[in-house]
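**Q** Single-letter residue listing:
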Amino acid sequence: MTENVNENTEAKIVAMQREQGPLLEVKDLQVDFTTDDKRAVHAVRDASFSVYPGQWVAIVGESGSGKSTSAMAVLGLLPGTGHIVGGSIKLEGQEIAGFKPKEFDKLRGSKMGLVPQDPMSNLNPVYRIGTQVKEALKANGMDVSHEKRSALAKALAGDEVAVKGNDDETFIGSAQLPALLEDAKSALTAIGVSGEKFDNVMQYFKDEWVPGSETRWRVADDLIKAGVSDDKAWEIAKKHVTGSTMEDRIAGLLSEAGLPDAATRARQYPHEFSGGMRQRALIAIGLACRPDLLIADEPTSALDVTVQKKILDHLHMLTDSLGTAVLFITHDLGLAAERAQHIVVMYKGQVVESGPSLEVLQHPQHPYTKRLVAAAPSLASQRIISAKERGEDADALLEHQVKGEATLEKSEHIITVDHLTKEFKLPRKKEMFKAVDDVSFSVKRGTTLAIVGESGSGKSTVANMVLKLLEPTSGTVTYEGKDISSFKGKELLDFRRHVQPVFQNPYGSLDPMYSIYRSIEEPLRIHKIGDKKSRAKRVRELLDMVEMPESVMTRYPNELSGGQRQRIAIARAMALDPDVIICDEAVSALDVLVQDQVLRLLNDLQAEKGLSYLFITHDLAVVRQIADEVVVMQHGRLVEHATTDEVFDHPKMQYTRDLLDAIPGGKLQLGLD
Amino acid sequence: MGKYLLRRVLQMIPVVLGTTLLVYALVFALPGDPVKAMFGDKPVNEAVAAQIRAEYNLDKPFIIQYLLFLKNALTLNFGQTFAGQPITAEIARAFPVTIRLGIMAFFFEAIFGIIFGIISGLKKGKWYDTVILIVSLLLISVPTFVTGFAGQYFLGVQWSLIPVTAGNDPGFFDLLFPAMVLGSVSMAYIIRLTRSEISSNIAEDYVRTARAKGMSNKSVMVRHVLRNSLIPVVTYLGQDLGALMGGAMITEQIFNIHGVGFLTYQSILKGESNLVVSIVTLLMLVFVVCNLIVDLLYAALDPRIRYA
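Chain order of the listed sequences is A and B.
Quick note on the UniProt record's numbering: the first sequence kicks off at 1 and runs consecutively.
Quick note on the UniProt record's numbering: the second sequence kicks off at 1 and runs consecutively.
Possibly wrong hints are sitting among the right ones.
The calculated label-pair distances, taken between Cβ atoms and stated as ranges, are [said to hold, decoys possible]: (1) I140(B) - K100(A): 52 to 60 angstroms; (2) R304(B) - S561(A): 25 to 33 angstroms; (3) K488(A) - V131(B): 40 to 48 angstroms; (4) V222(B) - K488(A): 46 to 54 angstroms.
Worth flagging that the hints you see were computed from the coordinates, not collected in a lab.
Bear in mind the structure is a predicted one, so any value in this text is a computation, not a measurement.
The beta-carbon is built from N, C-alpha and C at its ideal position, and this holds for glycine as well.
Could you put together the complete structure from these sequences and hints?
**A** The following block contains the structure:
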C-alpha cells in the first residue's frame, strides 16, 4: 500500500493508458429531466470526456452545472425523471448508455464504484458499518480471502516483486496473525536482529500486516527486506497467510480507508461515527470490490477543510496503489487542480473547457473558467480581487455567451431607472411631498451600484420602486429592458424571482414563528421549485453558501445574532438564484466586524454567481468596500453619479465632500484585504 | 436497560392510581341510582335498598368507596356485580373473546395494510395506487358503525354469507367479518403510512449508495427500502394492538360479541362502578404494557434509539 509511484512507473502508466485506450469514454452525452408538466429540462448537453486507467479526472462546475448528473448517468443511477436522450457512454469499449437496470447491477460495485457526496445521508442508519461493507462484497460475490488487482496495479506491483500466482494475493487472517508475528520474531532472532532495530521492525510488521488487507507476497516482501532469506520468508508467509474471513476483510477494507481500530468500528452504527469517519467507511464501500473506476462525487464537500485534506490524501494514495481511475467531481477548481491530472469544466450542462490541470489553471480560456479561477477558495492569493476587476470579468462573460443558451442579446444594464419620481400626500398639507425627484441611473450587469444619502434622501423609496413594492408617480424602472410597471401574473412572479431584497433590519425581516429552514425554503415553495427533498438540499447548500452550519435549520430567528440573521436573509434572497439583489441598508444594523464578514460574503457571492447589487446605504465606508459605482442622493434628488474611485478621489459636490468627511478615519485606506 | 424497565414499571403506579380515581369519579357522577334501577317497574323497598347499598358500600362517601375498592383490589378482590357474580369471573369470560377478535383484526390490518401500502408506495401515481388511496380514504372517513351495519345487513341478512351475530363463545368464522370491520380503519392508516414511508425512503441517498454497491433491485428494496420503511409502521401496529385489546365497543355491540367492549358498555348502563373501574384498570395496564413493548421494539429496530 505504501509503494511510491516513481517517475519510471508514471511513464509506464502513461504508456499503458495509451495502449489500452480510455477506461471510460463519454461522448456527446445528453441527459434530460422531465418536469411535472412534461417539459424536458436539459441537464447535460453534449458533454464529452474520457478517463484513462489509473487517471484522476476532475469535473468542475457550480451546482446545477450537470457535473453530478453526468457522473450518475455513467453509473446508471440518474435520479427521478432523469434519462439519457443521446450520446454514448463506453466503459472499457463497451457501450453502456442503453443498459438495463439488471445489466448495470453487474457493473456497479465491481467495475464502477461510488463515493457519494454527503456522508451523513449515504449510510443506512439501521445497519452496522461492517454490514454495509459486507453488502458490497456479497452483492458482487467477492472472494474475501484474495486480493483482486487491476491489470494496472499488477503491472506496477510486478516492478517490485514478481507476483507468482493467485495464492500470493491471499490475505492475512486475524486468527493466524499472532502465529505469523511469532514466527517472524523467531526468524528475525535467528538472523541476529536485535535491540532497537528488532523492536522497530516488529512494530513495522504489526502496523503493516493488517488482516484482510495485506497479502502473502507483501508479508514475504517485508520479511525479505528485513533480512530474512527468500526461502524462509516465503515459507513463513505460505504457512501463516492462508486467507481471511469476511470479518477480517471488512476490517481490512475499513482500515485501508484510514479508519483506526477497524474491527471494532465495523460493529458500530453510522450515528456513532463522525462525518469524516463515515466518509472513510463510504470510501471503503466504494473500493470494496476493487472497481477500475471510482466516481467520487464531491466526496469531501460536507467535511471541514482539515479532514478534507486527510481524506483526499488517503484516497489518492489508495487509488494510486490499486490502480483505480477516479472521476472526481467538485465545485472547487483549486482542489481539482491539486488532485487531478485532467480537468473538465462544466457550465450549464455543457463542457466548456477541458485539458491538463495546470494548463486549465494557468491559461483558462472560457470566461466561466476564468471566473472559477478567480473564485477558487484554495487559490488564496487570487481570491479577493477588487470589485472593479470582477466587473470586467462579468462583462467578458457576456461576450462569450455559452453556446446554446438564449442568444437573445442581453443589455449591459440589468436595471435602468429613468426619470423616476415619487410623490406622497402628506396629511393636512395641500402640496405633494416629492420623496424621489427625477432620478435616473442604471445598474450594470455583474456590478454593484450604491445609492448613498442620509435618511430621508429618498434612497429607500427608490429601492422599493425598483422592487415594484411602490408604484412611481412618474418615470420608469426597466429590468432586462422591460418596463416593470407592466409586469403582471407570471411575468411579475418571474421578476420577483430574479430580483431579491435583503432588508435593513435582520430582526424584522425574518418571521419569528418560522424556523430558519422554513424561512429559507419559503421562496422555493412559493415558486414551486423542486420537491421537498430537493428543497431541503437547496437549503443546505444555501446555508453552506453563507457559511452557516446546517444545525441552524431547526432554530428560530431569536436564537441567532444579528449578523447570523442577515446571513440567513441573504441565503433566503439567494434561494431562487436571482440576478439582482437589492440590499437596503443590509449591513447598517451590524457591528463593524460582522459588517465586514457580510460584505465579504456578498463580494464572494457576486464573484461566484455574477450577481448585480443595488446597494443602499448611508455609510460611504461600506460603499468603498463593495461598490463599483456610486449615486449620491439628497432630498430626493440625484446630486452626483460616478465610479467609486472618482467619488472618493474627486468628489464634485459639497454634499458628497461632507459625507466623505463624516467617515470615521476616512482618510485611511480601506482596502478589501 | 434494566434501569429503564424498572423506571417504566414504577411510572405505571401513578398512572394506575390516577386513572382508577378518574374513572371511579366519572361512574359515580353518572345520573341515576343503580339500586333503584334494580327494582325495575316494582315499587322500591327502602329497607332492601338500604341493605343493598350497605352491602356494596354505596351509602358511604365517594372517596371512602374508592379507597375501599383500592384496598380490595390490592388483595385481588375486585368484588361482585349486582347480580352476585364475582367481577373476576365476568372479566375472565369476556377477555378471551376480545383477544381473539383483536388478534384477528390485528393480523388483518397488518398484512393487508402493509401489502397494499408497499404496492401503492412502489407504484406511486399508477392507477392501482389511486384506487388504493381512494379506498383507504373511504375507510378512514366512514365510521365503523356504518361499515359494520352495512356489511351485516348485506353480507349477513340479505346474502347469508356471514353469520349475522357472533353470540356466546364465537369461533373463527363468526369473528372474521367483525375483525375486518374493526381493523379496517387502522388498515387504511397503515396503507397510507407504508406508502409515504416507501416513497420517501426510495429517494434516500443510502438507497442510491446501495445500488452503487452493485446490489440487485430486489435486495435493495428489501434490505434498505422496506426495512427502514417498516419502523414507523411497526410502532403504529404495536400501539394499535393495545387499542384492539381494549375491545371494540361499537363493533362488539353491532355483532353481539360478548367481549370486553360489550361488557364495559353494559356495566356502564347498570352503573356497576366496581366492574367498570376493574375493566378500565385492566385495559390501561394492557395499554401501558403494549406501549412499553412498542418503545422497546422501536429501539430494537432503530439503533439510533437507545434507552438508558
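**Q** Each hint: holds or not?
**A** Do the hints match the structure? See the list:
no. : hint                                  : in the structure
1   : I140(B) - K100(A): 52 to 60 angstroms : violated (39 angstroms)
2   : R304(B) - S561(A): 25 to 33 angstroms : holds (31 angstroms)
3   : K488(A) - V131(B): 40 to 48 angstroms : holds (41 angstroms)
4   : V222(B) - K488(A): 46 to 54 angstroms : holds (53 angstroms)
Consistency note: the structure conflicts with earlier hint 1 alone.
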